[in-house]
Amino acid sequence: MAIIVRLDVMLAKRKMTSRELAARIGIAEQNVSTLKSGRVRGVRFATLDAICQVLDCQPGDLLEYEAD
Amino acid sequence: MVLIMQDREFVDPEPLRILTRRFEIGFRVAFALTCAVAVAMVLALLASPDWIGGFLAEATGYPLEAPRLWQGAAFVGIALSVLAAHAAVFRAAGQVCRWLVQGLPARAAGAAQQLSRRLWWLLGLSILAHTASVLVATAHAGPGQRAVSLALGSSQITFAIAALIAAFLARAFVLGAALWQDHQEIV
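If you're matching them up, the sequences are chains F and D in order.
All letters in the first sequence, in the order written, are residues 1 to 68 by the numbering used here.
All letters in the second sequence, in the order written, are residues 1 to 187 by the numbering used here.
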């Protein structure tokens, strides 16, 4: 897919683990891992909103478009 | 800081799950009651064939004062076949609910297809059972007094409608399964 998830980069920048993020936004750690790997069909705005709030970033910092 | 997302805009399937679980219990009870009635009928045939024969003949609409043993046995046989069909329908309906409670709509679709098939079967059997019952009830009568009857009443229409609804449900569950899959793959 042409959309690349940069969540792992943002987590590293904020020195936060997937587990901590999952706990703070209230979703399963497995879902965060799946999101990090980019193997998801979609992301809810609510999830994106919560991640951006916790990581203090913009959606563009988490998602990137790369032409195939 | 913890952001609770579950309480916001997501659909909570729990109330529906609880309701479906109750339906499943209801179908199990109906299945058990049907089996109990079948057992009671067999026991009644063994204990008092005249009474059960007369009772079922009256239910058919052709009351018999003194039904013969073979007539009582035939009535019970016909009634048992109809009860077995009902039991199979209740079981299939319970399966639909069971898979839904477990969050497996694709399997519920398969069970709904089976339920639809069984309802069509029940429809056919109810028509045949009535015809056979009338034949049995009037078999001993003299020439010109024997009857053949074809029942196409409200219960047959109900079975047909139920079967159509079950067939529709099967298709709806297939779509529901795809939507559920989508829902699970969206974080």
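Rather than coming from a laboratory, the hints here were simulated on the basis of the structure.
We put the CB at the ideal spot given by N, CA and C, even for glycine.
One should not assume that every hint holds.
Computed beta-carbon distance windows for the label pairs [to be verified]:
hint: 1; chain 1: F; residue 1: Glu-29; chain 2: D; residue 2: Val-39; range: 17 to 27 Å
hint: 2; chain 1: D; residue 1: Leu-16; chain 2: F; residue 2: Glu-66; range: 39 to 49 Å
hint: 3; chain 1: F; residue 1: Val-9; chain 2: D; residue 2: Leu-19; range: 37 to 47 Å
hint: 4; chain 1: F; residue 1: Gln-30; chain 2: D; residue 2: Leu-16; range: 19 to 29 Å
To give an idea of the interface, some chain F residues facing chain D are shown, with a C-beta separation under 8 Å as derived from the structure [stated by the list, open to error]:
hint: 5; residue: Ile-27
hint: 6; residue: Ser-37
hint: 7; residue: Val-40
hint: 8; residue: Arg-41
hint: 9; residue: Val-43
hint: 10; residue: Thr-47
Pairwise beta carbon distance, Gln-30 of chain F to Leu-16 of chain D, judged against the given window 19 to 29 Å: holds (24 Å)
Against chain D, is Val-40 of chain F within 8 Å by beta-carbon distance? holds (5 Å)
Does the Cβ pair Leu-16 of chain D, Glu-66 of chain F satisfy 39 to 49 Å? holds (41 Å)
Whether the CB-CB distance between Val-9 of chain F and Leu-19 of chain D falls inside 37 to 47 Å: holds (45 Å)
Can you verify the interface hint for Ser-37 of chain F: is its Cβ closer than 8 Å to any Cβ in chain D? violated (11 Å)
Identify whether the interface hint at Thr-47 of chain F stands, where standing means a beta carbon of chain D within less than 8 Å of its own. holds (6 Å)
Closest C-beta approach of Arg-41 of chain F to chain D relative to 8 Å, hint status: Holds: closest Cβ of chain D sits about 4 Å from Arg-41 of chain F, inside 8 Å.
Hint Ile-27 of chain F vs chain D: min CB-CB distance below 8 Å? holds (7 Å)
The hint names Val-43 of chain F as touching chain D; please verify it with the least Cβ-Cβ distance against 8 Å. Since chain D brings a Cβ to about 6 Å from Val-43 of chain F, closer than 8 Å, the hint holds.
Supplied distance hint 17 to 27 Å, evaluated on CB atoms of Glu-29 of chain F and Val-39 of chain D: At 53 Å between Cβs, range violated.
In terms of the numbered hints stated before, the structure departs from hints 1 and 6, listed from lowest to highest.
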